[in-house]
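Number of protein chains: 4
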Amino acid sequence: MTGTLRVAMIGHGFMGAAHSQGWRVAPRFFDLPLDPVMQVVTGRDDATTAAAAAKWGWAESSTDWRETIARDDVDVVDIVTPGDTHAEIAIAALEAGKHVLCEKPLANSVAEAEAMTDAAARAEARGIRAMVGFTYRRVPAATFARSLVADGRIGEVRQVRAEYLQDWLMDPEAPMTWRLDRAKAGSGSLGDIGAHAVDLAEFITGQTIDSVSGIVETLVDERPLLGESVGLSGTASAERGRVTVDDVAFFTGRLNSGALASFEASRYRTGRKNALRVEVSGTRGALAFDLERLNELEFYDATAPETELGFRRILVTEHDHPYLAPWWPTGHMLGYEHGFSHQVLDFTTAIAGASSPRPSFADGLHVQRVLDAVERSSAADSRWVQTND
Amino acid sequence: MTGTLRVAMIGHGFMGAAHSQGWRVAPRFFDLPLDPVMQVVTGRDDATTAAAAAKWGWAESSTDWRETIARDDVDVVDIVTPGDTHAEIAIAALEAGKHVLCEKPLANSVAEAEAMTDAAARAEARGIRAMVGFTYRRVPAATFARSLVADGRIGEVRQVRAEYLQDWLMDPEAPMTWRLDRAKAGSGSLGDIGAHAVDLAEFITGQTIDSVSGIVETLVDERPLLGESVGLSGTASAERGRVTVDDVAFFTGRLNSGALASFEASRYRTGRKNALRVEVSGTRGALAFDLERLNELEFYDATAPETELGFRRILVTEHDHPYLAPWWPTGHMLGYEHGFSHQVLDFTTAIAGASSPRPSFADGLHVQRVLDAVERSSAADSRWVQTND
Amino acid sequence: MTGTLRVAMIGHGFMGAAHSQGWRVAPRFFDLPLDPVMQVVTGRDDATTAAAAAKWGWAESSTDWRETIARDDVDVVDIVTPGDTHAEIAIAALEAGKHVLCEKPLANSVAEAEAMTDAAARAEARGIRAMVGFTYRRVPAATFARSLVADGRIGEVRQVRAEYLQDWLMDPEAPMTWRLDRAKAGSGSLGDIGAHAVDLAEFITGQTIDSVSGIVETLVDERPLLGESVGLSGTASAERGRVTVDDVAFFTGRLNSGALASFEASRYRTGRKNALRVEVSGTRGALAFDLERLNELEFYDATAPETELGFRRILVTEHDHPYLAPWWPTGHMLGYEHGFSHQVLDFTTAIAGASSPRPSFADGLHVQRVLDAVERSSAADSRWVQTND
Amino acid sequence: MTGTLRVAMIGHGFMGAAHSQGWRVAPRFFDLPLDPVMQVVTGRDDATTAAAAAKWGWAESSTDWRETIARDDVDVVDIVTPGDTHAEIAIAALEAGKHVLCEKPLANSVAEAEAMTDAAARAEARGIRAMVGFTYRRVPAATFARSLVADGRIGEVRQVRAEYLQDWLMDPEAPMTWRLDRAKAGSGSLGDIGAHAVDLAEFITGQTIDSVSGIVETLVDERPLLGESVGLSGTASAERGRVTVDDVAFFTGRLNSGALASFEASRYRTGRKNALRVEVSGTRGALAFDLERLNELEFYDATAPETELGFRRILVTEHDHPYLAPWWPTGHMLGYEHGFSHQVLDFTTAIAGASSPRPSFADGLHVQRVLDAVERSSAADSRWVQTND
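Protein chains in written order, with the UniProt record's numbering: chain A, 1 to 389; chain B, 1 to 389; chain C, 1 to 389; chain D, 1 to 389.
Any given hint could be a false lead.
Note that the list lumps identical chains together, so a pair holds whenever it fits in one copy or between two copies.
As the list claims (entries may be wrong) - In silico DMTMM-like cross-links for lysine to aspartate or glutamate, where the CA-CA straight-line distance does not exceed 25 Å:
1) Lys-55 - Asp-320
2) Lys-55 - Asp-171
3) Lys-55 - Glu-318
4) Lys-184 - Asp-72
5) Lys-55 - Asp-35
6) Lys-184 - Asp-84
7) Lys-184 - Asp-118
8) Lys-184 - Glu-88
9) Lys-55 - Asp-221
10) Lys-184 - Asp-46
11) Lys-184 - Asp-73
Calculated directly from the structure, the hints in this document are not laboratory data.
Start from the sequences, fold in the hints, and give me the full structure.
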């Protein structure tokens with residue numbers, strides 16, 4: 001490695017743990033062009049932020065993100081706070097000349113996302129890089145799916161089905177968290193997990209969604225307020241609050257090629273824990289990726305002899321699969337957090353190589369526009385709405 | 001058995017073979033209240049109809065369906081012709097005092113289906129029975145799924161996903177058959193297979209679809225005309241014709257309980273051969289039925305301890321599963337055509353017991369109204385449309 | 001069809017039902033060279049045999065098998081009695097000039113099987129055909145597996161794993177049936193289901209087992225005697241009897257190519273209902289057949305590019321798959337009893353074509369020798385024992 | 001944490017990478033009672049060991065393991081060298097008063113393993129801990145399987161099937177590595193992967209194997225010598241060498257309860273990449289663990305109503321599953337190397353709590369005795385051989 005990359009992370013919840021693991025582990029397995037230094041983590045509360053620094057291995061902690069991004073000894077700002085704060089922090093960081101990695105969704109509104117994208121464009125002109133964290137693109141099986149499509153192995157895309165299903169809100173007494181508050185989260189299942197389905201479907205197919213027709217809906221209107229946070233959820237307090245985001249979203253999108261894609265996002269699908277599944281069907285083949293079996297890819301080669309047609313289960317653990325070479329021997333599985341190491345690899349490579357990393361803020365803005373179009377369609381009796389890119 | 005039931009079958013294509021197998025095999029395994037007699041098969045062409053009679057074991061053949069339904073020695077008229085002829089034959093048969101079993105879809109239009117339903121109601125008053133052939137209800141795993149829902153094992157239904165996916169039209173040079181001609185088939189994937197998805201989702205949940213928003217679309221506009229029929233397809237002639245039906249249909253339905261259901265019907269989904277899948281998610285559990293593994297049911301009991309939650313694969317081959325007792329020992333599989341024996345059992349039981357068989361013509365009309373509403377929604381920019389029951 | 005084939009069936013239990021279904025259904029779907037006539041069924045008890053004749057569609061019933069095989073109007077004797085009676089009936093039938101189809105296992109001992117094979121050889125010289133009923137060879141996916149091996153698609157066979165697992169004897173209070181009585185059944189899991197695993201592994205690989213090392217064992221020594229038969233089991237009487245057959249059998253076999261094959265037969269494997277599974281691994285590929293998903297075959301082509309390797313799930317329901325052409329369209333499943341129609345096709349074809357049907361009595365004798373060798377090895381501290389073909 | 005635990009690792013191949021990851025990551029997720037310090041890594045070659053230290057994050061490197069274990073600033077010796085060196089290093093380290101973690105197999109021979117176990121017993125008396133690295137015990141689904149058995153959820157164990165299948169030696173031109181050299185590796189598939197199958201089957205069932213009957217065999221006698229190492233394999237040189245270990249091992253074991261267990265280890269099973277699968281069948285249930293889907297456990301509760309019986313797929317990612325609480329939310333997968341963090345947790349907990357960690361050297365010796373008994377049985381015509389514990 002020819003130099004270091006000093007990182008400041010803003011926020012330290014679930015995503016902070018995942019990002020920390022990425023910064024720590026990536027340099028052990030990949031020959032990064034720049035050596036990440038876990039410089040400082042920043043949060044609102046002094047004690048908990050200091051504890052997070054100790055736990056996740058950051059050299060320092062701070063409670064002032066503006067101070068953090070002003071530091072000379074910080075090269076990268078890694079934003080893992082709730083979506084309502086992304087715009088302010090990211091724009092300030094870019095203007096301060098820091099490379100920015102921002103968790104998804106890029107923002108809670110199209111307007112914020114546009115401002116961020118503008119800021120990224122201005123920064124880009126000065127050699128400053130910005131990337132949004134749709135990490136599932138970097139699960140090797142998903143990356144490999146994209147390359148199969150790009151190589152023409154499934155022919156022209158004819159239909160897509162993408163769904164992201166969870167069930168952790170099934171219990172109507174599960175408490176309100178910031179993820180159920182529109183002011184903090186922007187939207188519910190739609191933005192939290194539907195955003196992943198949109199990004200992954202577009203990433204794998206190499207296409208974009210031009211218009212949508214859909215519906216979003218809240219199934220449980222009122223919940224206990226959050227007592228103490230535990231993991232993604234927590235304990236219930238005696239008071240109740242109003243759920244202001246959607247619980248489920250169903251929509252159909254028109255891809256730029258004209259093909260139709262069907263989407264579903266729900267945190268109400270009993271028995272599905274983290275079921276992000278994308279199926280792509282084309283004129284010469286088909287494939288399916290499922291995050292609950294993230295080391296596998298189903299691939300169907302329609303050009304095989306009729307008697308030998310079938311979906312094959314590829315274990316995406318070979319040396320020549322994306323990102324796999326430095327990890328373990330064939331058949332040794334990767335887990336959820338490995339994508340964060342791959343993200344560090346790609347981001348540091350882009351910074352060192354002076355290239356534009358993907359997914360860019362413009363990519364994140366586009367996803368935000370799709371989500372916004374879904375909400376507008378839902379409000380308009382499910383009429384088709386342009387995503388207005 | 002206390003008497004016989006003399007059957008006339010109108011039509012003798014793929015469905016004629018399946019129905020013949022039902023009439024022949026059912027009395028060997030079930031104690032039917034009436035003994036079916038395969039009296040006469042009726043078709044348009046003399047030679048091919050006579051050949052069908054010999055092949056499928058009908059005592060006689062005829063080319064005049066009016067004459068057939070007028071016969072004194074016919075108790076039941078079993079209609080397996082394309083949908084454009086259902087109304088005329090079924091109404092005439094009911095008026096002639098014959099019990100009628102009519103293949104799905106009930107008709108090619110709501111108007112025809114209404115007329116048929118009216119005729120069935122008039123006949124019912126005279127003790128004449130009418131049933132529509134949504135045979136997949138009688139796959140034991142599907143019937144068992146309905147009983148789990150009815151018994152409250154999955155609680156209140158919160159979400160449904162139903163899809164019927166095939167790929168036999170992927171090849172743009174596959175020839176036009178009557179199934180691609182709106183005049184004969186009414187619609188394309190929507191009526192051919194989407195109808196099954198609608199009926200099965202409603203059957204399993206015990207609910208009906210009140211309104212829909214959706215889109216139907218033709219992917220291949222023009223195809224070679226059909227030369228010689230082979231199975232469901234055939235050889236291509238040199239001339240070409242215009243495809244007048246949809247290839248794919250995506251729609252969302254609102255169930256009478258308020259829950260949303262997502263549907264997809266396609267004969268363009270590469271690698272899916274006969275993939276009718278219905279997933280039902282409720283407050284206490286979930287289940288999934290898949291016709292490509294028709295002897296299995298996936299069931300998730302959300303009331304299990306957290307560490308033991310999981311979809312279980314039930315082999316629906318136990319003595320106490322629906323329809324299973326007279327068949328083979330546990331673990332010995334049933335196939336596609338067994339549903340037609342179960343249909344014969346249920347239909348003859350209804351006739352002998354003077355009860356109303358289900359799915360009734362009214363059920364068939366309702367499905368037709370759902371399909372019609374999907375087409376109307378598609379034409380109205382996917383706005384929500386009432387099914388107008 | 002150019003003539004008829006008049007069939008007498010001896011026995012009418014579970015296997016009688018399956019064979020009856022084969023004789024009735026096969027001529028409806030296949031163009032048989034000879035038209036089967038279900039002439040007479042023969043049993044021990046007058047009333048139950050007459051009832052079986054009525055139920056399964058045999059023209060007459062009889063309680064004297066010797067009389068039956070002496071009839072001029074009988075061309076084929078189909079033996080579906082317990083194994084202890086096979087030799088006497090089959091030899092007499094062959095000597096009476098009748099073609100014989102005998103259920104597996106061919107006999108309860110090697111000596112009996114040898115006598116039967118000798119009788120079949122003598123009969124063969126006079127144009128009389130004999131076949132043993134290893135019907136699972138005729139499940140299309142199993143037949144297709146054999147053709148893949150024969151075509152070199154998996155290269156040289158290196159390893160085989162075959163298991164037949166059920167759990168219907170798990171309950172120690174499940175009553176004694178003839179299948180638990182050595183005098184009637186010859187052996188337990190070994191002969192009842194292990195025989196199928198042996199035959200199917202040999203059939204798919206095209207190889208034979210030369211020697212074995214293994215162990216057989218009885219897990220439950222004593223059970224209630226059988227009260228009334230119900231299906232494969234029945235009610236328990238108050239008296240108890242001694243189980244005289246094995247419950248489980250584990251053995252390793254050496255194939256004639258030198259490759260090793262691992263076998264397990266058990267009616268004590270909790271949760272496995274009818275799990276006959278054969279995995280074959282070769283230098284260029286691998287495959288796996290599982291009777292609980294009998295319409296599927298798993299196939300692995302090791303010559304694919306490294307990144308695209310994977311077991312594919314072939315739905316064996318295509319027109320060009322073995323036996324499939326006259327059945328239903330692609331994706332419409334077959335069940336357990338379809339193999340019996342295929343057996344009728346192959347047997348009548350052999351008779352009409354004056355060729356030797358397979359599996360022959362010699363094939364059945366070979367399986368018996370393997371089973372016998374397993375028992376001898378078990379008695380000899382699991383030393384390797386030649387099968388002595 | 002109340003103190004530190006200074007670790008020296010001897011060896012730095014594939015296993016060294018995995019162990020390093022465990023030492024680095026465990027303290028970030030678990031509240032360890034002692035804080036590991038990655039003090040020194042020791043290898044044969046100066047440059048490569050220094051490179052390993054840098055890559056995997058060890059403070060120092062050394063080429064003299066005797067010097068390393070003599071250091072005052074080393075508390076733990078972690079041995080990840082080939083099996084032929086384990087005994088010498090481990091005994092010396094224990095005698096030097098260091099806690100020892102030794103990769104499996106414990107040794108290449110029973111005699112060595114006995115000496116190591118004696119040394120561990122002597123050290124234990126002085127408060128020094130020794131553990132052997134059968135890490136797959138610490139895959140949460142495997143640990144959970146053991147607890148289900150211990151809790152009686154499957155009743156009395158009646159049958160076990162354990163197999164560890166890979167295919168990376170299928171190619172007869174794959175070069176010789178130390179894993180194919182009996183002097184270095186002790187045995188082939190048997191010790192390399194069969195050892196895992198033995199340990200995991202015993203761990204899950206809570207039983208031990210008393211006697212075995214089996215066969216081991218070499219399928220490819222001669223291979224190119226190794227040029228340059230790459231991952232588990234490498235490039236082929238022009239010279240050839242003799243393979244002195246087994247390629248496949250098939251054996252049956254008798255558990256101390258009397259139940260039989262069937263084993264297979266093979267690096268020749270086409271299409272199986274890292275397929276360690278253990279199935280346990282009991283009087284009240286059954287379960288199956290498969291390393292290729294390591295976040296899942298199949299569980300069958302035989303006490304469910306007959307119509308609801310079925311293997312359920314439990315996603316072992318819940319907060320209350322073993323080891324899961326500090327990792328990610330439900331449905332976020334773990335990978336191969338997480339077991340090494342769990343190993344660090346358990347080992348440091350034992351050291352801090354002055355308890356004996358498992359698997360102990362005695363456990364490792366027992367596995368070695370089973371492997372040895374398999375080889376002796378193979379040499380004795382597969383007769384049954386006591387494991388002589």
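**Study point:** Alpha-carbon proximity between Lys-184 and Asp-72, which holds within one copy, between copies, both or neither at 25 Å
**Key:** For Lys-184 and Asp-72, neither the intra-copy (30 Å) nor the inter-copy (54 Å) Cα distance is at most 25 Å.
**Study point:** Intra- versus inter-copy proximity for Asp-171 and Lys-55 (alpha-carbon distance at most 25 Å)
**Key:** neither (31 Å within a copy, 46 Å between copies)
Review point. Quick one: Lys-55 to Asp-320, C-alpha cut-off 25 Å, is that within a copy, between copies, both, or neither?
Key: Between copies, since 22 Å is at most 25 Å while 35 Å is not.
Check your understanding: Taking 25 Å as the upper bound on the Cα-Cα distance, should Lys-184 and Asp-46 be classified as within, between, both, or neither?
Key -> within (22 Å within a copy, 55 Å between copies)
**Study point:** Homo-oligomer pair classification [Glu-88, Lys-184; C-alpha up to 25 Å]
**Key:** Answer is within; shortest intra-copy Cα gap is 13 Å, inter-copy 61 Å.
Review point. How would you classify Lys-184 and Asp-73 at a CA-CA limit of 25 Å: within, between, both, or neither?
Key: neither (30 Å within a copy, 50 Å between copies)
Review point. Under a CA distance limit of 25 Å, which applies to Lys-55 and Glu-318: within one copy, between copies, both, or neither?
Key: between (33 Å within a copy, 22 Å between copies)
Review point. Is it within, between, both, or neither for Lys-184 and Asp-118, if the alpha carbons may be no more than 25 Å apart?
Key: For Lys-184 and Asp-118, only the intra-copy Cα distance (22 Å) is at most 25 Å; the inter-copy one is 56 Å.
Review point. Are the CA atoms of Lys-184 and Asp-84 at most 25 Å apart within a copy, between copies, both, or neither?
Key: within (5 Å within a copy, 56 Å between copies)
Check your understanding: How would you classify Lys-55 and Asp-35 at a CA-CA limit of 25 Å: within, between, both, or neither?
Key -> Answer is both: 21 Å inside a copy and 12 Å across each meet the 25 Å cutoff.
**Study point:** Lys-55 and Asp-221: within-copy, between-copy, both or neither at 25 Å Cα
**Key:** Answer is neither; intra-copy 37 Å and inter-copy 52 Å both fail.
Hints 2, 4, 9 and 11, counting from the list given before, are not met by this structure.
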